[in-house]
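K.L.:
With chain A's structure known, arrange chain B on it following the hints.
Chain residues, written in single-letter form:
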Amino acid sequence: MSAIDRNPGSQGVVVLTAAQLKARRQRNIAIGLAVAFLCALFYAVTIAKLGPGVLQPPS
Amino acid sequence: MSDITVSLQRASVSDMAGGAPRDYVELLKPRVMSLVVFTALAGVVAAPTHMHPIVGFAALLAIAIGAGASGALNMWYDRDIDAIMTRTRARPIPSGRIAPREALAFGLTLAAFAVFTLGVVANWLAAFLLAFTIAFYVVVYTMWLKRSTPQNIVIGGAAGALPPVVGWAAATGVVSVESLVLFAIIFFWTPPHFWALALFKSGDYGRAGVPMLPNVKGAPRTRLEIFLYTILLVPIGLLPYLIGFEGRAYGVIALGSGVFMLNLAWRVWRDTEGRASDRAAKQLFGYSILHLFLLFAVIVAEHGILQPLGLLS
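As you go down the protein sequences, you meet chains A and B in turn.
Quick note on numbering: the first sequence equals residues 1 to 59 in this note's numbering.
Quick note on numbering: the second sequence equals residues 1 to 313 in this note's numbering.
No lab work stands behind these hints: they were computed from the structure.
This one's a predicted model, so the numbers in the text were calculated from it and none came from an experiment.
All clues stand as given, with none of them false.
Restraint-style ranges between C-beta atoms, simulated for each label pair:
{"#": "1", "chain 1": "A", "residue 1": "Gln56", "chain 2": "B", "residue 2": "Arg89", "range": "57 to 63 Å"}
{"#": "2", "chain 1": "B", "residue 1": "Gly256", "chain 2": "A", "residue 2": "Ala36", "range": "42 to 48 Å"}
{"#": "3", "chain 1": "B", "residue 1": "Ala301", "chain 2": "A", "residue 2": "Gly51", "range": "28 to 34 Å"}
These stretches of chain B come out as covered by chain A in the derived footprint (C-beta under 8 Å, 3 or more residues):
{"#": "4", "region": "18-31"}
{"#": "5", "region": "44-55"}
Just a few of them, taken from the derived set where beta-carbon distance is under 10 Å, the chain A residues facing chain B:
{"#": "6", "residue": "Ala30"}
{"#": "7", "residue": "Ile31"}
{"#": "8", "residue": "Leu41"}
{"#": "9", "residue": "Ala44"}
{"#": "10", "residue": "Ala48"}
For each residue, glycine too, the CB sits at the ideal point set by N, CA and C.
Only chain A is shown next, with the shape it has when bound in the complex (with noise of 0.2 Å):
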């Protein structure tokens, strides 16, 4: 769980515990990965709806 910064001139700035920073962190490399291999995907999907013809340049 966070920690709020009591420090009256802080306004309130929630402060991350280690465990969150170490949580974001993976979750940002989850998502990272997640993304790249979302790409991959769409663009093989692409090719293979377009099928083998899409290489050939037009004659």
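P.N.:
Relative to the frame of chain A, chain B by itself:
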């Protein structure tokens, strides 16, 4: 510090629960998702068209993500009763690892992404069916039926039965009799499966105020209905063979496994006292999963492996 400031700060803290990736995976109900993927795969491979493997994989992934989104939205809405039931109190939201609004945003985003992806990679009929399945599970089952009627899992079971229809539609662009037969198998399998669970978890559901059949109509009525639904399930399980879209191997396995499950359902009806009663319900619950898996595994094997290898006409 004013009360308003304190409550705002508390809200900020709870909104920032921020779980690890595995908590988000748990939010997707991976075990339910695997069954959905498997039954949808049966719909894809049994369809009388060839789907490019990459397109088929992408379509199945979209269906899986749609199922996961339904699970996340279900956990978001049911967080109050999940905190009461022993079976569900360790889930990410009641245990405080993920904040409710995070689960809601996660579920809605995945649902929209899954429907759009299926529409783009397969067709918009399949995408519509997936959207309907998600909406039916979340709105009709979770928000409405689950807490209001003991017939909740009978009607709500339609959502769990739709994945093979979605898979078939993704491959062919239509809804056919064959895909509706696959729907019927899961639809009639659902009541005996969940009521067997409810028989030995009735205390849990009762404490949470969920009107499962044993809590509302009593165990004897539940046992009878389990038996009657299983009687219906045996011939429905045979329909793919009877209408000619599955082979003899499927017919033999569906009949043998169906009769075995019927025997377990009969024991549930017969053994009404003490440990034997709980044991019979647990056996039926466990075997029902294997039964459904067997039927769909044969369909996947016949159409996805044996037919392409030319071992089956």
